[in-house]
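Please put together the full structure from these sequences, using the hints given.
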Amino acid sequence: MLAHRLAMESEWITADMVEATEFPHLANKYEVYGVPRTVINETLHIEGAVPEPMLVNELLKVLDS
Amino acid sequence: MPLLNDKIQTEVRKALQSMAGPVKLVMFTQASNALECQMCSETRALVEEIAALSPAGRLSVEVYDFLADQAATEQYKVDKIPAIAVVGAQDYGIRFYGIPSGYEFSSLMDDIVTVSKAESGLSAATKAAVAKINRPVHIQVYVTPT
Chain L
0 MLAHRLAMES
10 EWITADMVEA
20 TEFPHLANKY
30 EVYGVPRTVI
40 NETLHIEGAV
50 PEPMLVNELL
60 KVLDS
Chain U
0 MPLLNDKIQT
10 EVRKALQSMA
20 GPVKLVMFTQ
30 ASNALECQMC
40 SETRALVEEI
50 AALSPAGRLS
60 VEVYDFLADQ
70 AATEQYKVDK
80 IPAIAVVGAQ
90 DYGIRFYGIP
100 SGYEFSSLMD
110 DIVTVSKAES
120 GLSAATKAAV
130 AKINRPVHIQ
140 VYVTPT
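Line by line, the protein sequences give chains L and U. Quick note: the first sequence uses numbering that gives the first Met the number 0, first residue 0, plus one each step. Quick note: the second sequence uses numbering that gives the first Met the number 0, first residue 0, plus one each step.
Hints listed in this document are in silico derivations from the structure and should not be mistaken for laboratory results. There's no promise every hint is true.
Simulated pairs of lysine-lysine, DSBU-like, Cα-Cα distance not exceeding 35 Å [stated by the list, open to error]:
1. U:13 <-> U:126
2. L:60 <-> L:28
3. U:79 <-> U:116
4. U:79 <-> U:23
5. U:131 <-> U:23
6. U:131 <-> U:116
7. L:60 <-> U:6
8. U:6 <-> U:23
9. U:126 <-> U:116
10. U:76 <-> U:131
11. U:6 <-> U:116
12. U:6 <-> U:79
13. L:28 <-> U:23
14. U:79 <-> U:126
15. U:116 <-> U:13
16. L:60 <-> U:76
17. U:76 <-> U:13
18. U:13 <-> U:79
19. U:23 <-> L:60
20. U:116 <-> L:60
21. U:76 <-> L:28
22. L:60 <-> U:79
23. U:23 <-> U:76
24. U:23 <-> U:116
25. L:28 <-> U:131
26. U:79 <-> U:131
27. U:116 <-> U:76
28. U:131 <-> U:6
29. U:76 <-> U:126
30. U:126 <-> L:28
31. U:79 <-> L:28
32. L:60 <-> U:126
33. U:13 <-> U:23
Distance windows between CB atoms, simulated [to be verified]:
34. L:42 <-> U:54: 34 to 44 Å
35. U:127 <-> L:45: 35 to 45 Å
36. L:50 <-> U:78: 27 to 37 Å
37. U:105 <-> L:53: 14 to 24 Å
38. U:1 <-> L:20: 29 to 39 Å
39. L:50 <-> U:69: 35 to 45 Å
40. U:124 <-> L:46: 31 to 41 Å
For every residue, glycine included, the Cβ atom is placed at its ideal position computed from N, Cα and C.
Rendered as C-alpha cells:
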C-alpha cells in the first residue's frame, strides 16, 4: 500500500490500514461513507484512491499548516 | 479448515518466494477466559497460515495479548485489535487493524515482500519530498474487504 511505502521512507510517518466495518466508532468519527478514505493527522480527509504525487503534496501541506 | 484455499495457498507461496530478507508479523489479540474475539482468532489463524507458506525462516509470527503484554503494546503503539505490525530490518510504522481479507489481504502480501527488500519502490521525487518531513505524520486509510 502507498501509505505503507511512505512509512518506509520516513521515521516520522506511521501508516495504518483500518478495516472500517470492524471499527464502526472510528468509521463514524472520521465520517467514512466511501472507501478508501485517507485521514492524515486526524484533520485532513481525502476521499477515494490517492495517486502518489497527490498524497505526498497532502503530507507536506500538513507540515506547512 | 484452512482460511486460504488451495489456489490462494499456491499464489501466496509463489509471492513469498521473492522475499529478500526476514519479516516478522507482530500480531495483537486478546484472550479472556480462553475466549478470543472472533476477528482476532481469525486474524491470528490467517497470519499463521501465511507464515507457514513462506520459505524457511523468512516470515515469522509473534503473538501478543493486547492487555497482558503491555510492553509490546506500548512498543508497537497499538491502540486497537486485531492488529498486525509488518516488521522487517526495522519497524517502519506499518500497521493493519482488522482482519486483512479481500483488498487488505493483497496489501498485506505486497507489504511483506516490499518490507523484506527494505526498499519502498517509490519514485525519486517522492523520496526527496518525504525526506523533508520532520514532524510526526499519522496516515490512516479506511477500507472495506471488497
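Open item on the list: Run the distance test for residue 116 of chain U versus residue 60 of chain L: straight-line Cα separation, threshold 35 Å.
Closed with: It holds: about 30 Å lies between the C-alpha atoms, which stays within 35 Å.
Task: Proposed proximity, residue 23 of chain U with residue 131 of chain U (alpha carbon, max 35 Å) - done: 29 Å, holds
Task: residue 50 of chain L paired with residue 69 of chain U, Cβ distance criterion 35 to 45 Å - done: 40 Å, holds
- [ ] Please test the hint of 27 to 37 Å on the beta carbon pair from residue 50 of chain L and residue 78 of chain U.
- [x] 29 Å, holds
- [ ] Assess, step by step, whether the Cα of residue 116 of chain U is no farther than 35 Å from the Cα of residue 76 of chain U, and give holds or violated.
- [x] 24 Å, holds
TODO: For the pair supplied as a hint, residue 79 of chain U and residue 28 of chain L, confirm whether the alpha-carbon distance does not exceed 35 Å.
DONE: Cα-Cα ~15 Å, so holds.
Open item on the list: With the threshold set at 35 Å, check whether the alpha-carbon distance from residue 60 of chain L to residue 6 of chain U stays at or below it.
Closed with: Violated - the C-alpha atoms of residue 6 of chain U and residue 60 of chain L are around 44 Å apart, more than 35 Å.
Open item on the list: Does residue 131 of chain U sit within 35 Å of residue 76 of chain U, going by the straight-line distance between their CA atoms?
Closed with: 24 Å, holds
TODO: Assess, step by step, whether the Cα of residue 126 of chain U is no farther than 35 Å from the Cα of residue 116 of chain U, and give holds or violated.
DONE: 16 Å, holds
Open item on the list: Does residue 116 of chain U sit within 35 Å of residue 79 of chain U, going by the straight-line distance between their CA atoms?
Closed with: 28 Å, holds
- [ ] Please work out if residue 23 of chain U and residue 60 of chain L have their alpha carbons no farther apart than 35 Å.
- [x] Given pair residue 23 of chain U, residue 60 of chain L holds - Cα atoms ~33 Å apart, limit 35 Å.
Open item on the list: Hinted pair, alpha-carbon criterion (35 Å max): residue 23 of chain U, residue 76 of chain U. Please report holds or violated.
Closed with: 16 Å, holds
Violation of the numbered hints given earlier is confined to hints 7, 28, 35, 38, 40; the remaining hints are satisfied by the structure.
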